[in-house]
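Protein sequence lines correspond, in order, to chains A, B and C. Residue 1 is where the first sequence starts when you use my numbering, and the numbers rise one by one after that. Residue 1001 is where the second sequence starts when you use my numbering, and the numbers rise one by one after that. Residue 2001 is where the third sequence starts when you use my numbering, and the numbers rise one by one after that.
These are calculated hints, taken from the structure and not from any lab test. For each residue, glycine too, the CB sits at the ideal point set by N, CA and C. Be careful, since some hints might not be right.
[To be verified] Quick list of the computed label-pair ranges, beta carbon to beta carbon: (1) G1246/B x P173/A: 31 to 41 Å; (2) P1084/B x E2134/C: 33 to 43 Å; (3) M138/A x R1205/B: 22 to 32 Å; (4) Q1098/B x P173/A: 13 to 23 Å; (5) T1235/B x Y2015/C: 48 to 58 Å.
[As the list claims (entries may be wrong)] Dumping the calculated DSS-like pairs for lysine-lysine here, alpha-carbon to alpha-carbon at most 27 Å: (6) K2076/C x K1003/B; (7) K1078/B x K2076/C; (8) K1003/B x K1193/B; (9) K1153/B x K2232/C; (10) K2231/C x K1153/B; (11) K204/A x K1153/B; (12) K1078/B x K1003/B; (13) K30/A x K1003/B.
[As the list claims (entries may be wrong)] To give an idea of the interface, some chain C residues facing chain B are shown, with a C-beta separation under 10 Å as derived from the structure: (14) H2030; (15) L2050; (16) V2082; (17) Y2099; (18) A2103; (19) R2205.
Next come the chains, spelled out residue by residue.
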Amino acid sequence: MHMADALLSPTIGGAMWAATAGTIAICARKVQRDLDDRKVPLMGVLGAFVFAAQMINFTIPATGSSGHLGGGMILAVLLGPCAAFLTIASVLTIQALFFADGGLLALGCNIFNLGFFPCFIAYPFVYRPLVGSNPTPMRIAVGAVLGGIVGLQLGALAVVAETVLSGISELPPAAFLAAMLPIHLGIGLVEGLVTAAVVSFIWKARPEILQYTIESRPLGHLRLQKVLIGLGAAALITGGALSWFASSNPDGLEWSMAKTSGKEELEAPPTAIHRLLAGLQEQTSFLPDYGFKDGGTEPEIAGESSSSWPAVDKGTSTAGLVGGGLTLALAVMIGLLFRKRKQTP
Amino acid sequence: MAKIESAFLDLTYLDRLATGDTVIHRLDPRVKVVIAALFVVCVVSFDKYAIAAMLPFAVLLMIIMGLGEIPAGYVITKLVVTSPFAVMVGIFNPLLDQQIVLHLGSWAISGGWVSFLSILLRFGLTVAAMLVLIATTGFNQVCMALERLGIPKIFAVQLLMLYRYIFVLLEEGQRMHRARALRSFQKRGMEMKQYAYLLGQLLLRTIDRGQRIHLAMLCRGFDGTIRIRQNLRITTRDIVVFLAGGMVLIVIRRFNIALLLGNFITDLLQ
Amino acid sequence: MSHHIVEVHELEHTYPDGTAAVRGISFRIHHGEAVAVVGANGAGKSTLLLHLNGYLTPQSGTVRIGDFPLTKETVKDIRRAVGMIFQDPDDQLFMPSVYEDVAFGPLNLGLPPEEVEQRVQQALQRTGVEHLRERPPYKLSGGEKRAVAIATVLAMSPDILVMDEPTSNLDPLSRRTLIELLAGFHHTKIIATHDLDMVIDLCERTIVIHEGTIMADGPTTDIFNDDLLLKKSHLERPLRMQACPFCSRR
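Please model the complete structure; the sequences and the hints are all you need to start from.
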């Protein structure tokens, strides 16, 4: 499941970006150093393959719903972890840009969730030890299924962690987890089965294709602990820096009627523009006061909510609504205007 | 329509939009990439109950879409199609956060609904920003820009090659998918066994293609590094647009324009 | 000019699965000759072509291109001398735009930018596709793709052109345009094909391959008039040389 920008705080998004960018840099270095130039076009076409494969659905047995290949595992089996990670990262980038799966900020999370776990955890620590250097269809099946499940469970865990830490969604972590893990158990199982079937098919038809990754050590001279520590540090530093920046820079101009803390007054900071606007306001308004003054038909609304909401200023929310509505109208109008203009000439 | 076919149409449609020649299209892709990133960061950094303050970003996006001649209908359709995940996760907010924060007449609105709406708005703005970036820039140019902005070259090359062969592979996958559909008559879904077989076939062909491409590269002196011709040149106009765009973004992020406007109007009415 | 000679001597190749694709092939092609290699599917044409640009090195026998015997050391020089045009232009056009695809080879040769530019320009001009310069390859028609694929090879200024089914998947007009284009080249040409009518137009000499060996090697017209030979090698007379069922009925 793709993480979405809408659910991410910039801190978490930024931290995951740092971790992903770090992994990409490491993988790019390793792939370049391996000097296996066959891989350059192979990664490209296999990425395109995964992309196309994801567009074809099949029926999941006994459920009636449909699924498709994720691709992380199969890429790792065919290319090895580093090249596979780069490939899955490219696939997700294109999906984010063209099909709006997730978004730009969430891309870091998505690449990590769907690439890192299958390539660097499930493949080297689950699939490889189980399949060994002498694959049989049975071993491939067990390795791929367990690998698929492990990869997707970790991915689901990461989605939950990222969402909860971001704090945009109100979902309680336990409930979210309880929903995500079983779903992804199913998805992982299916992913594993499809991967197993495809890999066995290739193994029977053209064993030499798999021979290549079988012979290589999955991570080469890359030390996973070192990489993990490095990435963790990068993510922590970025996350820490961003949250420090965010907290030391509180936004005084939010439509903060919902700030339960109530500490933040809705006083606009005395900046030049604001002063200018305020001045303008004073000059143009009959009553230099905020909000509608009990406009005849409008029932009194402030009293009721004031107890639960000390910070809410009725006037401010009214102004927010009016301003928001107008801005929205403006956006729509601009859209229509351009459309008209395009049609007339 | 099968998913694979609509994916194909989507790609070609966005690709066609990118061949346009408008003020926005002519900007240096680096400027557009950085501005788009800044746009997204601005939007997602809003407080979780922010709505009005985000709307000026929609206005900005509309202006850019208008100048870039990107049909709003297309972008909106895409947003609706891709929204389920955001809706699914966001819809819990109204259930879980029931504190009343606002009364509209006799209508009480809870914080959950506000934050839900805020999630949808964020989603719409960030996704639309991506689509507009691609539709006014084209994927290849975005890759060139990214390469210039410092992503590892091999990754840039990957992206370019992947994009190049998506068209070929989608067509190949589509042909196989059709051939299967034609012979399966009333049965709509595909069994997993068939699916794996179809994918296996497609994968074999793909690997063979990879080998042929490698051969084609070798024939023309490929030695492991792909040399990308960079023809991006920043002009003064690009710099001006970049600075102005960045400033506009920061201003509308920093100041709640919608609220200021609202204050202004309500005062006026009194 | 000895370096345009292609000489294959007692070439043999067996694939790892035991298929003997080429079983002792010998021929010699001189400077400026245009030679067709014809034969049934699976006769060994493709395997033979893969030896001519050094993708495969001889398991037994020799391949000489110009002054170089084909070995691991000379492969680079040989690839510069032999321009290979693939059956599927999608395999050959892997870069994001036509310009970049054509410039790929010259850039790998390490040429200075002006020279690269000049070579690209010339190659595109030669194949008549200058207007497609900035287009991405997936937006070209079959004929355009083929022309660009040829341009990518010309930009390397090869001495010898090796082509695998150059007219496959082309509409009749594009096919004709391509044949005219190829007829204008003065390179040594080796064309593997099933399109025997094109062979009449382009090649004075034809080599017939059957089950990994050479069935016949001689002037095109002689070979296409030998019905027995053609039948044995799973071929038939080009349409142009068959009696027309409509005209002859009259």
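Outcome of the hint check:
1. G1246/B x P173/A: 31 to 41 Å: Between G1246/B and P173/A, where Cβ atoms are some 37 Å apart, the hint holds.
2. P1084/B x E2134/C: 33 to 43 Å: holds, 38 Å
3. M138/A x R1205/B: 22 to 32 Å: holds, 27 Å
4. Q1098/B x P173/A: 13 to 23 Å: Holds - the Cβ-Cβ distance for Q1098/B and P173/A, about 19 Å, lies within 13 to 23 Å.
5. T1235/B x Y2015/C: 48 to 58 Å: holds, 56 Å
6. K2076/C x K1003/B: violated, 44 Å
7. K1078/B x K2076/C: violated, 49 Å
8. K1003/B x K1193/B: Measuring from Cα to Cα gives roughly 20 Å; hence the hint holds.
9. K1153/B x K2232/C: Roughly 53 Å between the alpha carbons, so the hint for K1153/B and K2232/C is violated.
10. K2231/C x K1153/B: It is violated: about 54 Å lies between the C-alpha atoms, which goes past 27 Å.
11. K204/A x K1153/B: Roughly 36 Å between the alpha carbons, so the hint for K204/A and K1153/B is violated.
12. K1078/B x K1003/B: holds, 14 Å
13. K30/A x K1003/B: violated, 35 Å
14. H2030: violated, 23 Å
15. L2050: holds, 8 Å
16. V2082: At 8 Å from the nearest chain B Cβ, V2082/C passes the 10 Å test, so the hint holds.
17. Y2099: This interface hint holds because 7 Å falls under the 10 Å limit.
18. A2103: Holds: closest Cβ of chain B sits about 6 Å from A2103/C, inside 10 Å.
19. R2205: violated, 24 Å
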